[in-house]
Amino acid sequence: MIHMSCLRSKCKGKFTIACNFYVLCFPPASSPGYIAARLRGTTRSVKMLRTYEGIRFFSDKQMVILDIGSAYTKFGYAGEPTPRGIIRTEIKCPDSKELRKIYNYKDTEDLYQLLIEFLHALFFKHVVISPKDARIVILESLLVPTQFRDTLAKVLFRHFEIGSLMLLSTHLATISTLGVNSALVLDVGYKEATLIPIYEGEPILKAWQALPLGGQIVHEYLMKSLREIYPNVNITEKLVEDIKVRTCFVTTLERSAKLETADAPKPPPAVKYPGVKSINIPGEIREKAFEVLWERDNDNLSIPTMILNAIIQCPIDTRRTLAENILLIGGTAMTKGFASRLKSELLTLVKSSHYSEKLKIQTFMFHTAPSKPNYTAWLGGAIFGSVDLPLRCLTKENYLKSDRVPDWVSLIDNQRDESTVCET
Amino acid sequence: MSYLNQPDYVCYVCNCGSLKPISKIYFCRHCSKIRCGYCVCQEVDSHYCPNCMENLPSSEVRLKKNKCSNCFKCPCCFQTLSTRAGHVPLRVAPADAEDSKDVKTTPKKVYYLSCSLCRWTSRDAGIPDQSMATGGWPEQENPHTYRINTLIDYHKILASIEKQQSEKKKFRPKHPYMQIAMFRITSAMVRKHIGHPTKPTTESTDQPSPAVASTEVEELPTDIFTEPVEVTKITTLEQRLQQPDIQTENVNELRPQHRQLLVRRSQRCRVCEHNLCKPDFCSQSAKFKIQLAAFYHVPEVRIVTCEPLRPGKSSELLLKFCNPTQHQTQVVLLPLDTPMTPILTIVDEKEEVKQDNAQQESESPNLLPSIVRQVPVVEETKPIRIIANADVVFPQNCLILPRRDDAAEYDDTGDTHNFQDDPKFVIWRKGNKAVIKLHVTPHENIEENNNRPVVIGFVMQYRYVNTITTLEHKAPQKLDLKVKLYLTIGNIVGSA
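Keeping their order, the protein sequence lines are chains A and B.
Residues 1 to 424 in UniProt numbering are what the first sequence spells out, letter by letter.
Residues 1 to 496 in UniProt numbering are what the second sequence spells out, letter by letter.
Derived from the structure by calculation, the hints contain no laboratory data.
It cannot be assumed that every hint is accurate.
[Claimed, not checked] Straight-line C-alpha distance at most 16 Å; calculated EDC-like pairs for lysine to aspartate or glutamate:
#1 A:K272 to B:E227
#2 A:K125 to B:E43
#3 A:K360 to A:D317
#4 B:K382 to A:D107
#5 B:K64 to A:E80
#6 A:K266 to B:D223
For reference, chain A alone in the conformation it holds in the complex (with noise of 0.2 Å):
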């Protein structure tokens, strides 16, 4: 299947490690200059320093972190536990009136418009700043178009004004929620199913996978099948959402095998819909509704089988750490029977013929997170963006000066910087 952030896949494999623009401070092994501070003893200093960074932090302006998910988008202000709100990420376009998706743009342009009432509502009606000169921290995916990503920019700083920007990775801020340096971070959202695997602080770019299994299959599968059953129904993707929400669930691995067979088993109790017209929900649909997830496609590609083939194309002294340090993360992760769906599945497919050879891992190990999987990547952000780094936050200054975001895929930013080698 041909996927949309394929656009950015022309590096694929040529990218063992991502430039330092990405590389966290938070893993010791990352940063040779953090090593040789420990080596020298420096952490009487750190005590001293810690207490005074307490009080500058406060009076500093604080740093919005935002999480502008195809679905969602999650806000709120750095080292806060808990988001400030969860809004749709949607707005009603000035135009034509009505509700549009932001993701569903036409054109740069039109992106452009859309962000602009989008993050006007935003920050007026939810954060409640005033976006000139504001601290701003963005969470994206590295596989983002670079279309989105460019134009973001220049409706934070060319129409809003911003002070700052940082650009941090879901993937790899989210490992800051768990204070391990390695994971295999899967993010399942609305749109698709993206991995990057982290090792020691270093996202394994070659090693990325992404396929468009997400909440919006489950929609339209839902959508489909309701219809069919209730054609005079208006079945809006409002509706189906509630419904998959409150109903539908993932089923084990063993009813899912006899599901299509003669012997099916007996489906879950039908649910009463309330709504204008009353709609009946049927069992199967609630049970089948998250198979498409676990579906393989003609790739022969499905979620268990990203995590299996990432695991293969990392290097293999790490791939026994990252077995035992999955962390789901995405709102459609949160579904009830996901992990243990995937876990099943995993465990059966370590076992056939075609990984069984290539790959020896038996156990695999789950992380959970200080926080609900749909805003574990915002939290991440805000645990990072509570750290006072100008140095990695681009000023208004400097993208006035160059007009550009410094990009991993983007060989001016990826120039290996003579003097920190020199130093370090």
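Using the hints, position chain B against chain A.
Leaving out everything else, chain B in the frame of chain A:
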């Protein structure tokens, strides 16, 4: 403004390229230019609670996490909850009659929250009643706060280490071959090179314990296949997202949430940084401290009537012009391709000097001296999407509109002004308003049924008296300003 809810028939083109009706644009008196909500700098002016209308200073807002401490909203339907008073159910008095008399004191009043719309009450949710009306309601706490704070502290330490490192780099001695520096390089580099994760032997106590992964995951409850589901007992996604840290599935576990504060915005011109619109600080007041709406400065154009439009045929169009200012103005209609530079005509009544326009263009008066002030960030102008598809015969003479006189509105005796108007051009005149007649010819290629309305466009040049200069003890400036207008005058009736 009667046309607030109507489609925008008469649109003014703002300097940023947006098309807006006159009720939605500003006029910056300092730049003498039209601004709109798109091209001004919006700021948060004051915070207030939409329910109790209490004003809060921004420091307090930050402390209270942008929430009103007194008002709650219903966790089910998001309406404001009201506080209800109830009585404690009296305990069964002991058998002893004398004692019961003592116990039977005044029943204690208790308070609970209730939603008048969906009938949710705090008693349903199992929240204990409060003895005070003002609250003391239990606050929800994120169960992971402690852990997250430990992680934040740890990250702050790492950041300060990184900062120290970068500062050290700045003051690095010029000799790169200093022995100590050399040694430091090699040990660190070798460790990295051989791929050791370099765990320092002495772990500082500040490092939080890393999260432990487990093979156990939350299993699907087996009764899901047999137990019937009552949808009304399960929360909707919207209800869950109102309380992101809990996101409970059970309706009974929903807790009332504090109402979020709203803001009043003030608008500032991006070029000269003057306020264009500033609301009154008091949240109950609907007045403005500063309100530079274009409605008070730019002549207003309305469509009176238009003859049925036929492609290629000339039709009469009646337009009403209204001068809202306190000074007499003259309006000239020009074709769309007229250059838009304003002309400064008269600085002083006595000496009529035509000044250089360029100076006026580049240097707009500013509040702050140029050193302090930031360079305005330039945003590209929006392209104008609308295309005029009808020709207009522009009149040669200009229309003079007298100043607005509120008393004249009630004066039926007729006009005292004596204007030498061409009766073919000016149809009607009263006070500061006048109706003119234009001839419009829609293009031949417009068809009746393709739903494309006939649009005309012209440049309106108007005389504007800038009184802001009187603040600097100068004579008022008289400027000839221009604004582009697009009018949607109707649909094609019949074919040519």
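Cross-check of the supplied hints:
Proposed proximity of K272 (chain A) and E227 (chain B) is supported: the alpha carbons are some 13 Å apart, at most 16 Å. Distance restraint check for K125 (chain A) and E43 (chain B): the Cα-Cα separation of roughly 12 Å lies within the 16 Å cut-off, and the hinted pair is therefore satisfied. Proximity of K360 (chain A) to D317 (chain A) is assessed by CA-CA distance (about 12 Å); at most 16 Å being required, the pair is judged to hold. Taking the CA atoms of K382 (chain B) and D107 (chain A), the gap is about 15 Å. The hint holds against a cut of 16 Å.
Taking the CA atoms of K64 (chain B) and E80 (chain A), the gap is near 13 Å; set against the 16 Å cutoff, the hint holds. The hinted pair formed by K266 (chain A) and D223 (chain B) meets the criterion: a straight-line CA distance of about 13 Å does not exceed 16 Å.
Violated hints are absent here; each numbered hint is respected by the structure.
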